[in-house]
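K.L.:
Sequence:
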Amino acid sequence: MLITATSRLLVGFRKWYYNACGFNKIGLMRDDTINEDSDVKEAIRRLPEQVYNDRMFRVKRALDLSMKQQILPKDQWTKYEEVSLMYTNFSCFFFV
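The opening residue of the sequence shown carries number 2 in the working numbering; numbering runs sequentially from there.
No wet-lab data here; the hints were simulated from the structure. Hints should not be assumed to be uniformly reliable.
[Claimed, not checked] List time: in silico PhoX-like cross-link candidates among lysine-lysine, alpha-carbon distance up to 25 Å:
#1 Lys80 / Lys16
#2 Lys80 / Lys26
#3 Lys16 / Lys75
#4 Lys69 / Lys80
#5 Lys69 / Lys26
#6 Lys42 / Lys61
#7 Lys75 / Lys61
#8 Lys75 / Lys26
#9 Lys61 / Lys26
#10 Lys61 / Lys80
#11 Lys26 / Lys16
With the sequences and hints as input, model every part of the structure.
P.N.:
See below:
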């Protein structure tokens with residue numbers, strides 16, 4: 002019982018923190034904000050083409066919104082649940 006309550010509390014905190022960071026408001030995923038050192042560049046190079054293209058679209062859109070000092074409509078914000086599922090599937094590209 003205690004483990005379940007603690008787990009729910011942690012998930013709630015993660016969701017709150019994810020939204021508080023603000024990068025989701027310009028359409029970025031958490032991993033889009035990682036500093037691109039040589040290891041990260043290699044991991045990005047290994048991504049499937051569609052995932053890479055989607056990432057580049059998000060980064061370019063975020064730069065455009067940032068220059069205009071705007072955010073996306075709330076229904077277009079990146080959701081915590083989408084991000085968790087997305088990068089769980091591709092974690093092998095980052096940790097090989």
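K.L.:
Hint by hint, say whether it matches the structure.
P.N.:
Taking the hints in turn, this is what the structure says about them:
1. Lys80 / Lys16: This hinted pair holds, its Cα atoms lying about 9 Å apart.
2. Lys80 / Lys26: 9 Å, holds
3. Lys16 / Lys75: Distance ~15 Å between Lys16 and Lys75 Cα, so the pair holds.
4. Lys69 / Lys80: 22 Å, holds
5. Lys69 / Lys26: Holds, at about 14 Å.
6. Lys42 / Lys61: 17 Å, holds
7. Lys75 / Lys61: Satisfied, since the Cα-Cα distance of roughly 19 Å is no more than 25 Å.
8. Lys75 / Lys26: 7 Å, holds
9. Lys61 / Lys26: 14 Å, holds
10. Lys61 / Lys80: With a Cα-Cα distance of about 19 Å, the restraint between Lys61 and Lys80 holds, given a limit of 25 Å.
11. Lys26 / Lys16: Within the cut-off at roughly 14 Å; holds.
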